[in-house]
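Q: So you can see what is in the structure, the chains are spelled out below.
2 protein chains.
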Amino acid sequence: MAHRVFNFAPGPATLPVPALKRAQGDLLDYQGTGIGILEHSHRKPSYMAVHAETKKLLRDLLEIPDGYSTLFMQGGARGQFAIVPMNLLHPGTTADYVVTGTWGEKAVAEAKLVGEAREAANTAGDDGKHTRVPALDEIAMAKDAAYLHLTTNNTIYGTQFFDFPDTGDVPLILDMSSDICWQPMDVSKADLIYAGAQKNLGIPGVTLVIIKDELIEKGRRDIPSIFQYRTIEKADSLQNTAPTFAIYMMRNVLAWMADQGGLEEMERRNRKKAGLIYDAISAAPDFYRCPVEEASRSVMNVVFRLPTEELEGVFVEEAAAAELMGIKGHRSVGGMRVSLYNSMSIEGAEKLAELMGAFAKANG
Amino acid sequence: MAHRVFNFAPGPATLPVPALKRAQGDLLDYQGTGIGILEHSHRKPSYMAVHAETKKLLRDLLEIPDGYSTLFMQGGARGQFAIVPMNLLHPGTTADYVVTGTWGEKAVAEAKLVGEAREAANTAGDDGKHTRVPALDEIAMAKDAAYLHLTTNNTIYGTQFFDFPDTGDVPLILDMSSDICWQPMDVSKADLIYAGAQKNLGIPGVTLVIIKDELIEKGRRDIPSIFQYRTIEKADSLQNTAPTFAIYMMRNVLAWMADQGGLEEMERRNRKKAGLIYDAISAAPDFYRCPVEEASRSVMNVVFRLPTEELEGVFVEEAAAAELMGIKGHRSVGGMRVSLYNSMSIEGAEKLAELMGAFAKANG
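The listed protein sequences derive, respectively, from chains W and B. Note that the numbering used here has the first sequence beginning at 3, numbered continuously upward. Note that the numbering used here has the second sequence beginning at 3, numbered continuously upward.
Incorrect hints may appear among the rest.
Which residues of chain W face chain B? A partial, calculated answer using Cβ under 7 angstroms [stated by the list, open to error]:
#1 H5
#2 P14
#3 L22
#4 G36
#5 G38
#6 G81
#7 I205
#8 P226
Bear in mind the hints are in silico, worked out from the structure with no lab data behind them. Using N, Cα and C, we set each Cβ at its ideal position, and we do this for glycine too.
Construct all of the structure, not just a fragment, from the sequences and the given hints.
A: Pasting the structure below:
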């Protein structure tokens, strides 16, 4: 039995042990073929079945409606920061971006290299930091915007959207890299959803894109074919060699989610885990401080501060001694960040919450 | 001990068993951290050491000179078909492409979506098929070309360049996806080399780019930042979450190559393996036929035909019964294709050559 710690890292993140063991068993010999899963051709039935199963699991778990396609791409969310405007930001139009943190800033900056883009909202405070997502009526979207883009969960600032604006005819684009599948959702509210896999869905190297077929057709045709969504859709994401193992791992993780009870169960666990950490913060209000406004607090990444940076350093050390790893905040904001993606167990959150209580008592 | 067959597939391709076993051991607990290799952050020392070691192994094995950078990107060679012209095909200039098969065709087509591109050579016969690479003096490169692009090895047609043109001040761009590291090379002859990893270097999901620093600086700045080589170089390929496991697997494969004796030894084995198959073809000239001109015959992918398609089908079946898999030719050309990348053992080639002899005798 392998030694395992609790890994609260923000991504690449912890994975379910059954998903890992399955991979371990398939590495040298997949299904008795004498060929490991890493070595199977993307054009052969053995891998194609994994590919199809991954799509089916996504469709079932997220209840993706007809009229939407699921694509597997490469390049991460950062790739999509470019590929979305390359496809959808036609000359003469302007795209609207909701900026709630670093990822939104980078997304709008990339769009500006492609065409016209503006900020429909920006929640940065005077210090440049973000402590909330905007109310929906704060979003000043132009009625003729090419699209509205927003980051649903901010890993660095620990904020999250729990509702999305109704954009009418304007396509709504959601970067859900860090919270896709955290709960059931109504996919039809969005026109394009994308997510790097390395948080809730698996490992880095594959980017999931769920896109309305109408939007695919509206995409530009004068950009490189490999970046046109229609190329990927037409070839079922096999226009060239797919990142087969990253898709295989997504399959393993999704199969684990389905086995555990699907997204309703993921939501129950995620709320429970986040509740444990936020409660531990509230229980020692003179010691812990969460900078995020209550209604915007992320269920995926809980950020908080201790009274001093010195105490923060000691806390990280004590946590590590208790095998609670990866809780240091992003270098741009400091403090603590506890990532509680689907694969983190309730037990892990309980142990960390306990330590928080004991540490506040001992050092408060 | 896992059951293993001989897998002659064109990529994703067979991998060295030691590289796979190493991965198997690291999957749930990497170096006693209690965190599997798939779950390690790309920003933490544990992974960063793998990243650095991969670069070091490449530099040592290929003797990459100073003034060149090694980048890890995503999207495969097909991604580079777009990214090369996006960076280097400035308005008002024209890029020259040597077309020796499907990949060259696709590369020049993609460049034409970005800017001006022309074919400096095209070896297609009247039937549209390719049976050779051009002599160097057949390549009609313009003196002021933005660059000259060529595919060093053609997986589908089984042809390979064994020498490269001296392009003077015109940057030489080599797509070496299917033959990088097959032998030692003088990297300084090229200005940019790229290669998807799934043949000689590891698994799909990472694309190696070796680029002259001067060329990075000459790249366009008005394209999305994530596709600018300078972004990748400045961030040491960590501008966003890297495909960590694909890079880790490249490390394992490169470490295996170094351990086996480096690229001199790879070349010795590759020539031996290809010699066995080509000899088996020559030994039964009335039965087997290699359509490729002798001087252009690939050491990586040996293509050949049998007298009839029916016999080809029987041969594939007999090979499979002998656990010699993945030898069917590309659907666009038919026949047989035997891929003999670095990780294929001499034993595999011997067994296949033996079968070829026996099969010709029995059916000729």
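Q: A separate judgement is required for each hint: does it hold in the structure or not?
A: Evaluation of the provided hints:
Proximity of H5(W) to chain B holds as hinted, the smallest CB-CB distance being about 5 angstroms (cut-off 7 angstroms). Because the closest C-beta pair between P14(W) and chain B is about 6 angstroms apart, less than 7 angstroms, the hint holds. For L22(W), the interface hint holds, the least distance from its beta-carbon to any beta-carbon of chain B being 5 angstroms, beneath 7 angstroms. With a cut of 7 angstroms, the hint placing G36(W) at the interface with chain B holds, because the nearest CB-to-CB distance is about 3 angstroms.
Proximity of G38(W) to chain B holds as hinted, the smallest CB-CB distance being about 6 angstroms (cut-off 7 angstroms). With 7 angstroms as the threshold, the beta carbon of G81(W) comes within range of chain B, its nearest partner Cβ sitting at about 6 angstroms, so the hint holds. Evaluation of the I205(W) hint against chain B yields a held restraint, the C-beta minimum of about 5 angstroms falling below 7 angstroms. Because the smallest distance between the Cβ of P226(W) and any Cβ of chain B comes to about 3 angstroms, under 7 angstroms, the interface hint for this residue holds.
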